[in-house]
Amino acid sequence: MTASAAVVRAWQGVRWYLKEFTGEARWDDYLAHCAEHGHEPVSRREFERRRADALERNPVSRCC
Amino acid sequence: MSTTVNRSDTDGGAPAGTGRPPLKSVLVWTAVAVVGAVCWGVLAIARGETISALWLLFAALCSYAIAYRFYSRFITYKVLRADDKRATPAERLENGVDFDVTDRRVLFGHHFAAIAGAGPLVGPVLAAQMGYLPGTIWIVVGVIFAGAVQDLVVMFFSMRRNGKSLGQMIREEIGVVGGVAALIAVFAIMIIILAVLALIVVNALAESPWGVFSIGLTVPIALFMGVYLRRLRPGRVLEATGIGVALLLLAIVAGGWIEDTGLGDALTLSKEWLVLALVIYGFVASVLPVWLLLTPRDYLSTFMKVGVIVLLAISLIIARPVLQAEAVTDFAREGTGPVFAGSLFPFVFITIACGALSGFHALISSGTTPKMVAKEGQVRLIGYGGMLMESFVAVSALIAACVIDQGLYFAMNSPAGATGGTVESAATFVQGLGFDTTAESLGAASAAVQEDTLISRTGGAPALAVGLAQVFSQAFGGGGQAFWYHFAIMFEALFILTAVDAGTRVGRFMLQDTIGNVWKKFGDLSWRPGNIIASAVVVGLWGSVLYIGVTDPLGGVNQLFPLFGIANQLLAAIALTLCTVLLVKHGKLRYAWVTGIPLVWDLVITMTASWQKVFSGDPRVGYFTQAGVYRDAQDAGEVLAPAQDQGQMDQVIFNSTLNGILQALFALLTLVVAAHAAVIIVKAIRNRGLPTTEEPAVPSKLVEPAGLFATQEEKRAIAEHERLVGAGAGRTEAEEK
Numbered sequence: 005m006t007a008s009a010a011v012v013r014a015w016q017g018v019r020w021y022l023k024e025f026t027g028e029a030r031w032d033d034y035l036a037h038c039a040e041h042g043h044e045p046v047s048r049r050e051f052e053r054r055r056a057d058a059l060e061r062n063p064v065s066r067c068c
Numbered sequence: 015m016s017t018t019v020n021r022s023d024t025d026g027g028a029p030a031g032t033g034r035p036p037l038k039s040v041l042v043w044t045a046v047a048v049v050g051a052v053c054w055g056v057l058a059i060a061r062g063e064t065i066s067a068l069w070l071l072f073a074a075l076c077s078y079a080i081a082y083r084f085y086s087r088f089i090t091y092k093v094l095r096a097d098d099k100r101a102t103p104a105e106r107l108e109n110g111v112d113f114d115v116t117d118r119r120v121l122f123g124h125h126f127a128a129i130a131g132a133g134p135l136v137g138p139v140l141a142a143q144m145g146y147l148p149g150t151i152w153i154v155v156g157v158i159f160a161g162a163v164q165d166l167v168v169m170f171f172s173m174r175r176n177g178k179s180l181g182q183m184i185r186e187e188i189g190v191v192g193g194v195a196a197l198i199a200v201f202a203i204m205i206i207i208l209a210v211l212a213l214i215v216v217n218a219l220a221e222s223p224w225g226v227f228s229i230g231l232t233v234p235i236a237l238f239m240g241v242y243l244r245r246l247r248p249g250r251v252l253e254a255t256g257i258g259v260a261l262l263l264l265a266i267v268a269g270g271w272i273e274d275t276g277l278g279d280a281l282t283l284s285k286e287w288l289v290l291a292l293v294i295y296g297f298v299a300s301v302l303p304v305w306l307l308l309t310p311r312d313y314l315s316t317f318m319k320v321g322v323i324v325l326l327a328i329s330l331i332i333a334r335p336v337l338q339a340e341a342v343t344d345f346a347r348e349g350t351g352p353v354f355a356g357s358l359f360p361f362v363f364i365t366i367a368c369g370a371l372s373g374f375h376a377l378i379s380s381g382t383t384p385k386m387v388a389k390e391g392q393v394r395l396i397g398y399g400g401m402l403m404e405s406f407v408a409v410s411a412l413i414a415a416c417v418i419d420q421g422l423y424f425a426m427n428s429p430a431g432a433t434g435g436t437v438e439s440a441a442t443f444v445q446g447l448g449f450d451t452t453a454e455s456l457g458a459a460s461a462a463v464q465e466d467t468l469i470s471r472t473g474g475a476p477a478l479a480v481g482l483a484q485v486f487s488q489a490f491g492g493g494g495q496a497f498w499y500h501f502a503i504m505f506e507a508l509f510i511l512t513a514v515d516a517g518t519r520v521g522r523f524m525l526q527d528t529i530g531n532v533w534k535k536f537g538d539l540s541w542r543p544g545n546i547i548a549s550a551v552v553v554g555l556w557g558s559v560l561y562i563g564v565t566d567p568l569g570g571v572n573q574l575f576p577l578f579g580i581a582n583q584l585l586a587a588i589a590l591t592l593c594t595v596l597l598v599k600h601g602k603l604r605y606a607w608v609t610g611i612p613l614v615w616d617l618v619i620t621m622t623a624s625w626q627k628v629f630s631g632d633p634r635v636g637y638f639t640q641a642g643v644y645r646d647a648q649d650a651g652e653v654l655a656p657a658q659d660q661g662q663m664d665q666v667i668f669n670s671t672l673n674g675i676l677q678a679l680f681a682l683l684t685l686v687v688a689a690h691a692a693v694i695i696v697k698a699i700r701n702r703g704l705p706t707t708e709e710p711a712v713p714s715k716l717v718e719p720a721g722l723f724a725t726q727e728e729k730r731a732i733a734e735h736e737r738l739v740g741a742g743a744g745r746t747e748a749e750e751k
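Taken in order, these protein sequences are the chains called A and B. For what it's worth, the numbering used here labels the leading residue of the first sequence as 5, then goes sequentially. For what it's worth, the numbering used here labels the leading residue of the second sequence as 15, then goes sequentially.
Simulated from the structure, these hints should not be mistaken for lab results. Even glycine gets a Cβ: it sits at the ideal position worked out from N, Cα and C. Worth double-checking, as some hints may not be accurate.
[To be verified] These stretches of chain A come out as covered by chain B in the derived footprint (C-beta under 8 Å, 3 or more residues):
(1) 17 to 25
(2) 45 to 52
(3) 62 to 68
[Said to hold, decoys possible] Chain B residues, not near chain A, derived (Cβ > 10 Å throughout):
(4) V251
(5) P303
(6) A641
[Stated by the list, open to error] Okay, derived cross-link-like pairs now, DSS-like style, lysine-lysine, Cα gap no bigger than 27 Å in a straight line:
(7) K23/A x K715/B
(8) K729/B x K23/A
(9) K92/B x K715/B
(10) K715/B x K99/B
The whole structure should be built from the sequences, with the hints applied where relevant.
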């Protein structure tokens, strides 16, 4: 693997991690899921709203 | 809830490679062991001469590596018998909300962000009054044999029970009495923890317009991010966080500009005003929808947290600072330290809770995280590994406190009653402790970070910020101490506040859930009046403890931090009790020592500390003796320093009595749980195990690596799986190459 390819791969890895970590990737997962099962996806606004509202009932604990 | 008898575990066993280990692996691990041993050796021998902080760092890192490689593997595969052929709750019950198969590296990040907060930063700073050695040894040994073990085992047992919470497991596996005691203990302990965390923020921000300005701005920044994510560009979290972090850095720089303006004067707030501000903030944050404030703040705080930790690790290696503290100070032997009272045993083990052993983690390791684990074996990386990482943060914080001038350290961390509050009186005070720090150098230190004063800025956060500022400016050159100091304060305050508002919300849910058992309407989380009442009760409770701490003439941190540490360690005792009960119930009596030994040690330190805080005849240590001394003086019409009038005398008497009662209550609740557990253990030993609520095994269809890196064999299995099911089905593992 050349040096530039390694840099590109590392960058892709970091991007992948950040998108997964922040939950941004969930939208892509959802689109893929809809495509696979032939559903009509809801708008991104609607999708994110549902995700945010789910958090309302599942508080994230933060420790000391 | 299902109840199944499941004592004979399915065959787990270690994954592949039970034969002779390859030569390369033997050589690598021997080298790690040798480096670690040399570092510990240097620390043990060095006396009287100054040594580099890197010895501490590498002693810790090598110990973690060996513990992870050998001990955590033993626990995961021999003791718990994690079985990667068995489906996890995330796989069985996947619903995309709480049950959700998550990549192990991502889940590691989430779990770490949830467990690591201000605790591992502040405790070690305070414990530095006993020297760098006792704290380091406890952080490293404690995490390996107690803290990380607790997190791992609780996570595993919760995972085998569909992610049940600690309280639920105690109720079902030990009994109702233990369950109720644990519930009360968890709630009470949470209130104390929130109050002490808030106290640290108040102490860091009082009379500091720069700090108040930058922290204050985090609220509008978070609100902006919330609106951005809801209305402007839904779901673009990275964009929003990027903008947020940039604004945050700008807010820190801008704090320096406003300092000498009229706005600066307006933001020079007393501790009492800050308490009021925090209480209002906590209430509002708990009632507002999470998307508006909590979620965006959490993104900011997480990115800042991880960023600063990485930055600190790099800076320590570049700057290679020298330890100014003694290995073991006289305060460790005599227990007369000004930062907190009491001798090394048991108080070093109490002061450093997070980073070595933190009961609060048991609440996170049960519930949220186990519902997202993809493969059973991954609890080793996430539970044990995550805690090792937090321990590393604690060691870094200890180093930061030990590289600053120790006269300055004591001038900052001793209560105002001891230092007198001015640079001159503080210099006299620390000279009395045996440091040659002068009034000029104390003045210069506060000027360098552009604070009015650093004297008696207790709570650990300011001292840590001074240490971080020194390390960062040494590593990157160009001075900038004031920027780095406020950067560090901002970063600590930011995630303490995140912990406070998340904690308030969790407390509110607990309260609504509990009261909901008798009054159904109150348990409805979407019922507005219920939300408001429960939020007000929770905020009111921690707010009053906070107010008591802030106005305590003896110094709130000095008085409350031991209560906080003991409470956290008692929660750990409850969690370790549950783990031990479960090991015995599962018929693994011969491995019960894995959690049994840390449990016994934890009970010894917490009960000794509780005993001393309640019954000690030394007025600096025992709360009731303290109250008695002040009461006698009051009866004789005297005013006892550091109290300045009869009102403050009343305050000391009230506070000390209250602290003593709380202390005794926590210890009793823990003993109730332990006693109830002992009965179950005896019963389980007689029956060679007992039925538990473990879910029956279901074969897993997921192919995922168990460890951080996929082994050759796992990579082959994943490729094979992809080929068989095709690209469409299952999770794509593009990252595994």
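The hints, checked one at a time:
For a cut-off of 8 Å, the count of residues in the stretch 17 to 25 of chain A with a CB near a CB of chain B stands at 7, and the three-residue condition holds. Remark: the stretch 45 to 52 of chain A is confirmed as covered by chain B, as 4 of its residues place a Cβ nearer than 8 Å to a Cβ of that chain, reaching the required three. For the stretch 62 to 68 of chain A, the assignment as covered by chain B holds, since 7 residues bring a beta-carbon within under 8 Å of that chain's beta-carbons and 3 suffice. Distance check for V251/B against chain A: the nearest CB is about 4 Å away, which does not clear 10 Å, and the non-interface claim fails.
The Cβ of P303/B does not lie farther than 10 Å from every Cβ of chain A; its closest approach is about 6 Å, which violates its non-interface assignment. Distance to chain A confirms A641/B as a non-interface residue, since its nearest Cβ pair spans about 27 Å, more than 10 Å. This hinted pair checks out: K23/A and K715/B have alpha carbons roughly 25 Å apart, not beyond 27 Å. Distance restraint check for K729/B and K23/A: the Cα-Cα separation of roughly 23 Å lies within the 27 Å cut-off, and the hinted pair is therefore satisfied.
Our distance criterion of 27 Å between C-alpha atoms is met by K92/B and K715/B, whose separation comes to about 23 Å. Restraint check: the Cα-Cα separation between K715/B and K99/B comes to about 8 Å, which is no more than 27 Å; the hinted pair holds.
Going down the numbered hints, you'll see the structure goes against 4 and 5, while the others check out.
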